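Asks: Below, each chain spelled out in residue letters.
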Amino acid sequence: MDMIFRIENGGFGYDRSFLFRGVNAEIGDGDILAILGPNGSGKTTMLKCMVNILGLKEGKVLLGERDVREISRREFSKKIAYVPQAKSYSFDCTVLDMVVLGRSPHIPTFSEPSSKDVEIAHDKLDYLGITELKDRSFKTLSGGEMQMVLIARALASEPEILIMDEPESNLDYHNQLKILNTIKEISADVSCIINTHYPEHALRVSNKALLLSRGGTAIGGMTDEIITEERIGNVFGVNTAIGEVEIGGGVLRYVLPISIR
Amino acid sequence: MRKPGPKLLILISFLLLVVSAAVAVCIGTYHISITDVFSAYITYFQGGETTVVESIVVNLRTPRVILALMAGAGLAVAGTASQSAFSNPLASPDVIGVSSGAAFGAAAGILLFNNDAATQLMAVAFGLAAIAAVFALCKSSRSDSILMIVLSGIIVAGLFSAMVSLVKYVADPMSKLPEITYWLMGTLSGASYSKIIVALPMFVAGMVLIYVMKWRLNILTLSDDEVRALGHNPKKVRWTAVLASTLVVAAVVSVCGLIGWIGLVIPHVARLLVGTDNRYVLPLCISIGGIFMLAMDTVARTASVEELPLSILTAIVGAPLFASIFIWRGRGWT
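Read top to bottom, the protein sequences are chains A and B. Numbered continuously in this note's numbering, the first sequence closes out at residue 851. Numbered continuously in this note's numbering, the second sequence closes out at residue 399.
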């Protein structure tokens, strides 16, 4: 896969105002793009524009050289998978059935999943190491398990790009790390875009970052250059100290909040 | 969650359906043995002289059994489709005003014409008019969220109910009013092949549409954004399901009058047995809905000298059944 996915001069807003404007970002092979910004800066809206649920007011989203608005929903959803923030569901189903739903872009309108589709769903559960959940009822899962299942469902469509809305929000300390590690592993095969509230998480997994501010401006680039004490201070109004720890040959960085500006 | 062997359960339920249908043809004020039933069919199709017994079997009980199966299966399937389309286990086709529309059509038909076919066509026409009104309301409010569809449905249903009351108010209390009232409580007593044939095209179209999209109905229970991310237009799928249930319900109501509870309760019974996957729930709704309706109608026509209105029976059985389902499910109820 050499699919480049990019947003060019993207702008969106309701009525005459803009929520964000002039946004540029691009991801390709193996990239992880983290989108950060305060509440109300349009992070989720940005993702919805990227997955063509909302249409940009300005600029365009390109998959390869094609404007996503010219691609049929079904074809698009074979290439781009989206994991929205975990919702509550009115009907329950088994984990396996939930993951099989991810095959639907590949299943003709009046057909039903074949054994091959079920097999692919099994593969994805196996790949994420959650095969033992397959017969569980989705509603009885913990938040962390649910998120893993939703990721498996997204992967079942065999996408080239996986877009996740705050995948690690509302999870405990252990599960946050587990999801982040999973994203890192997935990125070997599928490029990922995530929204996150945590600059530290962006530093941990992403190589690219997009920082939205409430004024509607956005700065994008390599994570190392974007996530700085100065920018975090400006955008979130929080003074931080960013430091490093050397562990087993690698370097991990942390973001310590100091005070509110 | 999924109980072992949903396919086996479905098979067994269909065998039971065949047995119940056969039994229902035998039972009645005039009891007929199963061998006589078969010989009646044979004589009839050989075109020989028909006796009274043969006429009862072929011209009275058989169409009535067919109609009971259609009504039970149709209302249960349309109920399942609505519950998925509105992502709400309490939804039924009544929510969007189809039944009220059809009821007004039939009541007006009884009032204005003295003709079964005209009444039936009026019921169908106003059932479809109700859904068209709901669609138009959603269009002009430029929103078709589930909430908007349901609100429009409540408006349309309310309006048609008032018009039904108006028709009853002006109807002749000696002749037309009892007929309208009786029809509003549901009955299969007027069953005939000609009525079935009028209702059949719409019924079959709706049923086939729901049946082929039964797996897609599972997707509709997700949020709209998820449905879009999975490559579907949620509005299109939802309206297709709604329209298909409307066709089925309007077809059934036009022949049988208003029959409550089946569309709500039978899908829950089916889910209790095979889980929420509509690929299993729908076939099971056909068989259980059919069996339930057959049982109710058989009681309705044999329990007393006068026929009992169906909605009374379906409520007397359906309400406690529904209550026991949610006591049984307890914590798992959503």
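Mixed in with the good hints there might be a few duds.
[As the list claims (entries may be wrong)] Simulated DEER-style distance windows between Cβ atoms: (1) B/GLY70 / A/ASP762: 35 to 43 Å; (2) A/GLY620 / B/PRO266: 29 to 37 Å; (3) A/THR721 / B/PHE391: 42 to 50 Å; (4) A/GLU702 / B/PRO266: 22 to 30 Å; (5) A/TYR604 / B/SER254: 26 to 34 Å; (6) B/SER389 / A/ASP725: 24 to 32 Å; (7) A/LEU767 / B/GLY70: 35 to 43 Å; (8) A/GLU722 / B/PHE391: 28 to 36 Å; (9) A/GLU660 / B/PHE110: 20 to 28 Å; (10) A/TYR763 / B/GLY70: 41 to 49 Å; (11) B/SER389 / A/GLU702: 50 to 58 Å; (12) B/LEU73 / A/ASP713: 58 to 66 Å.
[Stated by the list, open to error] Every beta carbon over 12 Å from chain B, so not counted as near; a handful from chain A, in silico: (13) ARG596; (14) GLY603; (15) ASP619; (16) THR684.
Hints listed in this document are in silico derivations from the structure and should not be mistaken for laboratory results. Source: prediction; values computed, not measured. All C-beta atoms in this analysis are idealised placements derived from N, C-alpha and C, irrespective of residue type, glycine included.
Asks: Give a verdict on every hint.
Replies: Checked hints:
1. B/GLY70 / A/ASP762: 35 to 43 Å: holds (38 Å)
2. A/GLY620 / B/PRO266: 29 to 37 Å: violated (56 Å)
3. A/THR721 / B/PHE391: 42 to 50 Å: This hint is violated: roughly 33 Å between Cβ atoms.
4. A/GLU702 / B/PRO266: 22 to 30 Å: holds (26 Å)
5. A/TYR604 / B/SER254: 26 to 34 Å: Roughly 58 Å apart at Cβ, these two residues miss the hinted range, so it is violated.
6. B/SER389 / A/ASP725: 24 to 32 Å: holds (27 Å)
7. A/LEU767 / B/GLY70: 35 to 43 Å: holds (41 Å)
8. A/GLU722 / B/PHE391: 28 to 36 Å: holds (31 Å)
9. A/GLU660 / B/PHE110: 20 to 28 Å: Since A/GLU660 and B/PHE110 have Cβ atoms about 60 Å apart, the given range 20 to 28 Å is violated.
10. A/TYR763 / B/GLY70: 41 to 49 Å: holds (42 Å)
11. B/SER389 / A/GLU702: 50 to 58 Å: Between B/SER389 and A/GLU702, where Cβ atoms are some 32 Å apart, the hint is violated.
12. B/LEU73 / A/ASP713: 58 to 66 Å: At roughly 28 Å between Cβ atoms, A/ASP713 and B/LEU73 fall outside 58 to 66 Å, so the hint is violated.
13. ARG596: Check passes; 19 Å lies beyond 12 Å.
14. GLY603: holds (18 Å)
15. ASP619: holds (22 Å)
16. THR684: violated (5 Å)
Hint violations for this structure: numbers 2, 3, 5, 9, 11, 12 and 16, all remaining hints satisfied.
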